[in-house]
Amino acid sequence: MPAKPILFYDGQCPLCRREIDHYRKVDKQSRIDWQDIFASDTTLAQYQLSHTDAMKVIHAVDSAGTLQSGAHAFVVVWQELPGYRHLATVLKKLHLVGLVNRAYLVFARLRFRSRCKQGCQLPPQ
427 MPAKPILFYD
437 GQCPLCRREI
447 DHYRKVDKQS
457 RIDWQDIFAS
467 DTTLAQYQLS
477 HTDAMKVIHA
487 VDSAGTLQSG
497 AHAFVVVWQE
507 LPGYRHLATV
517 LKKLHLVGLV
527 NRAYLVFARL
537 RFRSRCKQGC
547 QLPPQ
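Residue 490 in the working numbering sits at position 64 of the sequence shown; the count goes up by one each step and never skips.
The hints are simulated quantities; they were obtained by calculation from the structure and are not laboratory data.
It is possible that some hints are incorrect.
[As the list claims (entries may be wrong)] When the alpha-carbon atoms are kept at most 27 Å apart in a straight line, the in silico DSS-like pairs for lysine-lysine are as follows:
(1) K518 x K482
(2) K430 x K482
(3) K430 x K519
(4) K451 x K430
(5) K518 x K454
(6) K430 x K454
(7) K518 x K451
(8) K482 x K451
(9) K430 x K518
Could you put the whole structure together from the sequences, leaning on the hints where they help?
Next comes the structure, spelled out in structure tokens:
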């Protein structure tokens with residue numbers, strides 16, 4: 427089990443990086459281990475997560491050591507951040523995480539379109 431939750435993010439995606447930078451500023455107590463998937467594959471391998479799968483959607487490891495993805499990964503992060511804890515609680519209590527996840531998955535597929543204008547490499551389907 428990790429000492430604190432881990433978030434794996436795409437540090438080469440400008441939109442993703444901007445969002446993660448915001449969360450990092452909110453995380454004044456360093457409650458999250460922020461891992462750019464382009465910095466190292468070592469931690470990914472510890473959780474049997476390939477770089478290709480990590481590129482498709484965001485992933486987090488919760489404090490119990492369970493790998494979460496999509497909106498479920500955001501909930502792991504939001505539970506730790508002041509100002510976002512209530513959002514995580516509401517989404518879970520109202521059983522809205524699945525709905526938010528579907529919306530996130532649409533975004534995750536579309537985020538590569540803007541990057542491809544700059545010559546990116548998409549993960550295999």
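*Those earlier numbered hints the structure runs against, lowest number first*: No hint contradicted; all consistent.
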